[in-house]
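Undergrad: Sequence:
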Amino acid sequence: MRSRVQIEPTERRMCSVLFADIVRSTMIIGDLDPEDAVSHLGPVIEQIMTICEKNGATTLFTGDGALAVFGTPHADEDHAAKAIASAQEIIRQIAGKGDQSPDVRIGIHAGELLVSDLQHTQGREQAFLGPVMNISSKIEAAARKNVVTVSETVIQSVGTLFDHEPVGELQIDGRNKTLKLFEIKARNEQLSRWASQARRDRSPLVGREAELARLREAWSRACQGEGNSVLLLGAAGVGKSRLTHELVEDIAPEAVDLWEFNCFSLDQTAAYLPIIRALNARLKLSDCRSDAELEAKLSKGIGNTRFLDNHTRQALFSIFRRARTEVEQAAGDPSRRRRKLNDILSRMILSTRKEKPLLLLFEDLHWADQGTLDVVQELLSRISFLRVLVVLTSRNATPFTSDQKGRLQLLPVPPLGEDDCRELISRLLGPRGDDGLLRDFVDTMSGRTPLFVEEFAHHLRDRLDRTQNSQSLHRNLADLEVPARIQPLIASRIDTLDSENKKALQVAAVGGLRWTWSTLTETLQRLGFEAQPRLTALIENGFLETYGPAENQQIRFSHALVQKVGYRSIPRLRRSRLHRAIFEALHAGADTDDLEIAQAIARHADQGKLWQEATEAYLRCGELASRMFSFEAAVSYFDNALRCVGRLKAETGAQNVYELELRVRRGLRVSLVASGNFRRILEISQEAEKLCDDAGDRVSKITSQIDQGIMTTILFDIRDARRISQRALDSATELGDARLQANAAFALAQAAWFHGDYESAKTAIDHHAGLFQSEFRTVETGTTGSISVLGIATRANAQSMLGQFDKAEDDIREALEIAAETGKVYDRSFALIARGISCWKAEDDTRAAEALRMALKISSEAGIDVLSCFAAAPLARVLTRNRDFTDARLVLTKSLGLAREMQMEAFVAWLLSAEICVLQEEGRAGEAEEAAAELADLCRRNGYFGCDPTLTCF
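Going by this note's numbering, the sequence shown opens with residue 410, and the numbers climb by one from there.
Check each hint, because a few of them may be wrong.
[Said to hold, decoys possible] Subject to a maximum C-alpha distance of 20 Å in a straight line, what follows is the list of computed SDA-like cross-link-like pairs (lysine to any residue):
| id | residue 1 | residue 2 |
| --- | --- | --- |
| 1 | Lys-547 | Thr-569 |
| 2 | Lys-1058 | Ser-1039 |
| 3 | Lys-594 | Gln-565 |
| 4 | Lys-586 | Arg-596 |
| 5 | Lys-594 | Cys-632 |
| 6 | Lys-765 | Leu-692 |
| 7 | Lys-594 | Gly-616 |
| 8 | Lys-1018 | Arg-1075 |
| 9 | Lys-765 | Val-657 |
| 10 | Lys-547 | Asp-512 |
| 11 | Lys-1110 | Arg-1132 |
| 12 | Lys-1216 | Gly-1179 |
| 13 | Lys-912 | Arg-894 |
| 14 | Lys-693 | Arg-596 |
| 15 | Lys-911 | Leu-882 |
| 16 | Lys-594 | Asp-659 |
| 17 | Lys-1018 | Gln-1008 |
| 18 | Lys-765 | Lys-749 |
| 19 | Lys-463 | Ile-416 |
| 20 | Lys-765 | Ser-901 |
| 21 | Lys-1303 | Ala-1251 |
| 22 | Lys-765 | Asp-659 |
| 23 | Lys-911 | Pro-942 |
| 24 | Lys-749 | Pro-766 |
Just so you know, the hints here were simulated from the structure itself, not pulled from any lab data.
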């Protein structure tokens, strides 16, 4: 039986893809026999693939050409540069050599692709998937023959390392966008890697004063005849090259003879190449047309070439005749001849020394071939009493372990300190430098490495310039992609791990930045890993670190970027499986009261597409956050729960989640009260009513109607609110549900009160007084507190407006007692507002101000904006009556702004009535008339009839 074809994604990679096609291949082979066709095209295609593979690419045969993927199987920060260099070499070796040589078209594009295993009836092979494959093929089809054509993405990756010219745009099928194309001309061989990538608006140099001072001191010594050398040692991106160029810019050009030797990863197979390029640039040796001319120029540098044996002499001549010299040739020479070459090359460099001190810069020596390193060692042995400073940069000290004479000053370049990093971030973010959330994000993700700080800061600025929405960016920071220049640097570090350790790191990356040791161990074991050796290896290699007491040991990533890149490298299908395994490990016990753990459970269920489990977990998070009065977080959790319910219903057709969905909506409604998003509450209530209708749930339907009545009172027409609330009360009475009757009575009383019908507001509570005063005294104390406090205090407010102050005082005392029993801020504030309104109407200004100030204070501290607005109006009236106009205006300005922002029209009217009073007392008649006109419009539109423009009531 035939096995089915299956594609198994294994990893996501940032790569450059090269497509090379032999032009008119069909015409070349014509009607040839298949074997003859292969003999014509096969060697050419083999040559293309060999050139690419020498630069680290994975290649595939395409019939009349080949494709090469640079950046796999191992991540490579120079994948784009190696692709271009390979393309140039293909054209140099294959194309344009006369009538017999074939022409080739080459296109290159860079981006993220999916590396996969393709299983079919004949076995397994590697496959590469993603838009980058299709686009690079289209670039190749649009390219001119024997010219390297690349996308703008490739140019962004290589910077100015290669000269290039724009040649138009490519329309991307299925997308409303185009891609700029460029033709590569030549490589800027004397351009350093740092200079090719440097931005025009170079970042400020921060926190490197000590290192720069050491370099200046070394230069000063060299100028005085004390030749010396400095090795700048540090990880990628810490600013080693930046320091060397800052030193160069400090020195007047006429005061230095500067040599730059630049090592690149794509040149590691060529012996002495950084030396050769620098000497060629100075002496023009590669321009020589004959050995005699070359010998004449060499003699100027080393005095005479006749003392050399013939083999050494020919080896010296050959390295300047060719652009590249294979390292194997040099290695194959006798050691004496190699020492001779090293001696000659170092003498040639030092012989240029005249009246100026020499500054020799060797950059990125971690990529240097052995011949170049030998020349460096030779130079170091010669400079002690010369006016020469040798500055080296490297990511590791391995090439210099043989420096037994201590000729090198080691200058470590660490990441920035905390204060320096924050200063750099603030300066790079510009006007947004005060945004603490963005600043903290860059600080965490960058590891305080200057290059990473720069890339993330520019990345954020670009996003903000496009969206102009910092709040949206704040919400999506966790999903922000790693800048393309950084991603391969981190991925190449991860690739140093063996297969099992790399898979274990990816599991840890799926879990997040931090774990408990026990949970990570259990998760790895569930997935079939030997947990202890894997974790030990990851810690020893610097990817993870432990912290905390031994009895509750924690483990975390040593660098946030490792976690982010590790996670990004995992295909989505495998990510989902890992999220499920982690969910099972975390959820093995009972429900937790630890919000951080609950959040992790919810996230892993969600990412694992376990929609029911995710809904329940987010619901738990929302309930825990509400208990902690973290209502904004609670809203987010409940929203996620609703999203997961929707996915559950859509993907499984499950309709048996009604109770779960209703619980989520109730939780969301409660948490939204504190945020004051009443329009959203109204929408949720309307959606819930339809849901209840479909399920035949009358109790929950009435609850939704009550919510609609309360929200409509605050937001829209009071008359509609009274109708909705009365309908809910009638249904609750018919059902015989006392709890619902009490809630509906409060909704009706509130609507009547804002309508100015104080008698009806009082009557609505009177009819259910027993429920408020005893049966529901301290039950149902959610975010908005006890229904008893709401009902009793609302009746007190109606009695106060009717002048029944003794009855109002009795209700207020009872409301305050219940508030003390529940301990809820909402209850106490609502009862204090009732006392303030009663005292204001009774003209007991001292007690009124005391109660209202306290209500305003505790409501503001708790973030209960609706009660802050409720308290502000009577407080402003009391202050005005006592001629304290400044405080009255201050209270009103803030609260009226809040009410308008939250679109609470009932409270806008409530506050406007107080503002008119203040304006009239201040003698600002014109402004009072404008406010009165606005108030009158609100009253007509929404039925606030108690809000008399003459201000005799409300």
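Undergrad: Evaluate each hint against the coordinates.
TA: Verification of the hints:
Restraint check for Lys-547 and Thr-569: not satisfied, since their Cα atoms lie roughly 24 Å apart, outside the 20 Å limit. A hinted pair counts as satisfied when its Cα atoms are at most 20 Å apart, and Lys-1058 with Ser-1039 does not qualify at roughly 29 Å. This hinted pair checks out: Lys-594 and Gln-565 have alpha carbons roughly 16 Å apart, not beyond 20 Å. With a CA separation close to 30 Å, the supplied pair Lys-586 and Arg-596 exceeds the 20 Å bound.
A C-alpha spacing of about 40 Å is found between Lys-594 and Cys-632, which places the hinted pair above 20 Å, so the restraint is violated. Our distance criterion of 20 Å between C-alpha atoms is met by Lys-765 and Leu-692, whose separation comes to about 18 Å. Proximity of Lys-594 to Gly-616 is assessed by CA-CA distance (about 39 Å); at most 20 Å being required, the pair is judged violated. The straight-line distance between the Cα atoms of Lys-1018 and Arg-1075 is roughly 24 Å, outside the 20 Å bound, and the hint therefore fails.
With a CA separation close to 14 Å, the supplied pair Lys-765 and Val-657 stays within the 20 Å bound. In summary, the hint linking Lys-547 to Asp-512 is supported, as the alpha carbons are separated by about 18 Å, within the 20 Å threshold. Annotation: proposed proximity of Lys-1110 to Arg-1132 holds, straight-line Cα distance about 16 Å (limit 20 Å). About 16 Å separates the Cα atoms of Lys-1216 and Gly-1179, which keeps this hinted pair within 20 Å; it holds.
Taking the CA atoms of Lys-912 and Arg-894, the gap is about 24 Å. The hint is violated against a cut of 20 Å. About 17 Å separates the Cα atoms of Lys-693 and Arg-596, which keeps this hinted pair within 20 Å; it holds. In summary, the hint linking Lys-911 to Leu-882 is not supported, as the alpha carbons are separated by about 31 Å, beyond the 20 Å threshold. Of the pairs offered as hints, the one joining Lys-594 and Asp-659 is violated, with about 33 Å between alpha carbons and a cut-off of 20 Å exceeded.
Among the hinted pairs, Lys-1018 with Gln-1008 is consistent with the structure: their alpha-carbon atoms are about 15 Å apart, no more than 20 Å. Under the criterion of a C-alpha separation no larger than 20 Å, the hint pairing Lys-765 with Lys-749 is inconsistent with the structure, at around 27 Å. The hinted pair formed by Lys-463 and Ile-416 fails the criterion: a straight-line CA distance of about 28 Å is larger than 20 Å. For the proposed pair Lys-765 and Ser-901, the alpha carbon gap of about 41 Å is over 20 Å, so the pair is violated.
Simply put, Lys-1303 and Ala-1251 have alpha-carbon atoms about 26 Å apart, too far for the 20 Å limit, and the pair is violated. Note on Lys-765 and Asp-659: the hinted pairing holds, with a Cα-Cα distance of about 16 Å set against a maximum of 20 Å. The suggested pairing of Lys-911 with Pro-942 holds, with an alpha-carbon distance near 13 Å, which does not exceed 20 Å. This hinted pair does not check out: Lys-749 and Pro-766 have alpha carbons roughly 26 Å apart, beyond 20 Å.
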